[in-house]
Structures are given as C-alpha cells and as structure tokens.
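**Student:** Sequence:
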Amino acid sequence: MLAEMMQSKCPQIWSQDCQSRAEKLMLLDRLRQQEASLMEYVLQSSAPLLEDPRFLPRVSACQAAASGLQAELLELDQELERQRPLLARLRGRRSLSLPSTGRCRTCPASPRSTASPCPATCSPSGRPWLCGRRRI
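Numbered continuously in my numbering, the sequence shown closes out at residue 141.
Some hints here could point you the wrong way.
Claimed, not checked - Okay, the calculated beta carbon distance ranges per label pair:
1) 69 x 30: 17 to 25 Å
2) 85 x 42: 21 to 29 Å
3) 15 x 41: 33 to 41 Å
4) 37 x 57: 20 to 28 Å
5) 86 x 49: 35 to 43 Å
6) 37 x 80: 44 to 52 Å
7) 41 x 61: 16 to 24 Å
8) 73 x 45: 16 to 24 Å
9) 78 x 50: 24 to 32 Å
Rather than coming from a laboratory, the hints here were simulated on the basis of the structure. We treat Cβ as the ideally placed atom computed from N, Cα and C, and that holds for glycine.
All chains, full assembly: derive it from the sequences and hints.
**Tutor:** In structure tokens:
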C-alpha cells in the first residue's frame with residue numbers, strides 16, 4: 006500500500022529509484038560474473054599460470070572490466086545518495102500508513118526503518134522488491 010501511494014504521488018522519482026536499484030543489482034551481478042570467470046579459468050588451467058600465455062591478458066581484461074564496473078557502481082551510488090532525501094521525505098509523509106506494529110504490510114518480516122524501508126527493499130522471500138511488487 007505504501008509503495009502504491011508513493012508511485013501515485015511521485016511516479017518519476019519512484020521510477021528513477023527503481024531503475025537505479027535494478028541497474029545496481031545488474032552491475033553487481035556482472036562484477037561477480039567477471040570474478041567468477043577468472044576463478045573458473047584459474048581452476049581449470051592445467052599448466053602453471055605464469056607459463057600460460059593467455060593468463061596475464063585474461064587477468065588484465067578482467068581487471069579492466071572490473072574497474073569499469075566499479076566506476077559505474079560508484080556513479081550509481083552517488084545518484085542513489087542524491088535521490089535519498091527526496092525518497093525520505095516521501096516516506097516520512099506516508100509513515101502514518103504503516104501499521105502500529107512497525108512492520109510493513111507488504112513485507113511483514115521486516116521492521117520499519119529509515120535506513121531500509123520495507124516496500125522498496127525487501128520481499129517475503131528476502132529478495133529485493135524494485136518496483137512495487139515486481140521481482141527481478
């Protein structure tokens with residue numbers, strides 16, 4: 006209910022926050038995939054790594070990709086920080102709609118807190134909600 010109210014009052018801010026959170030998850034997954042790919046190569050290699058002519062170029066490529074992803078994550082974190090005050094004001098105005106137990110109606114397992122408001126960040130399964138009730 007809180008998520009629906011926020012979406013109806015400020016759809017642009019809500020949409021931008023949802024998009025930023027989804028993009029952050031995607032970037033984190035790509036970073037994890039880069040690291041896993043390099044580890045898989047190391048584990049599958051039968052020759053000593055320093056003698057493998059493909060190893061160092063692969064490490065370089067992985068480091069370059071990881072650096073790029075980390076830079077994108079930093080920019081995205083800065084964008085989320087800029088959005089935080091706007092969302093906090095919206096959530097503050099709607100805090101009266103939360104039940105007296107201090108738990109969100111959408112996600113009863115999660116206590117209400119200003120650090121991680123329930124409707125935008127968790128689902129009953131523990132996975133993030135990004136746009137209302139749509140899961141990634």
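**Student:** Determine for every hint whether it applies to the structure shown.
**Tutor:** Quick rundown of the hints versus the structure:
The given range of 17 to 25 Å is respected by residue 69 and residue 30, whose C-beta atoms sit roughly 22 Å from each other. Remark: the range hint 21 to 29 Å for residue 85 to residue 42 is upheld by a beta-carbon distance near 27 Å. Here the CB-CB span from residue 15 to residue 41 is close to 38 Å, well matched to the stated 33 to 41 Å. Distance hint for residue 37 and residue 57: a CB-CB separation of about 24 Å, consistent with the stated range 20 to 28 Å.
Taken as a hint, the range 35 to 43 Å holds for the pair residue 86 and residue 49, whose Cβ atoms sit roughly 40 Å apart. Evaluation of the 44 to 52 Å hint for residue 37 and residue 80 yields a failure: the beta carbon distance comes to about 19 Å. Checked against the hint of 16 to 24 Å, the C-beta distance between residue 41 and residue 61 comes to roughly 19 Å, which is consistent with it. One distance hint, 16 to 24 Å for the beta-carbon pair residue 73 and residue 45, holds here, with the actual separation near 20 Å.
Taken as a hint, the range 24 to 32 Å holds for the pair residue 78 and residue 50, whose Cβ atoms sit roughly 29 Å apart.
Taken one by one, the earlier hints fail for this structure only at number 6.
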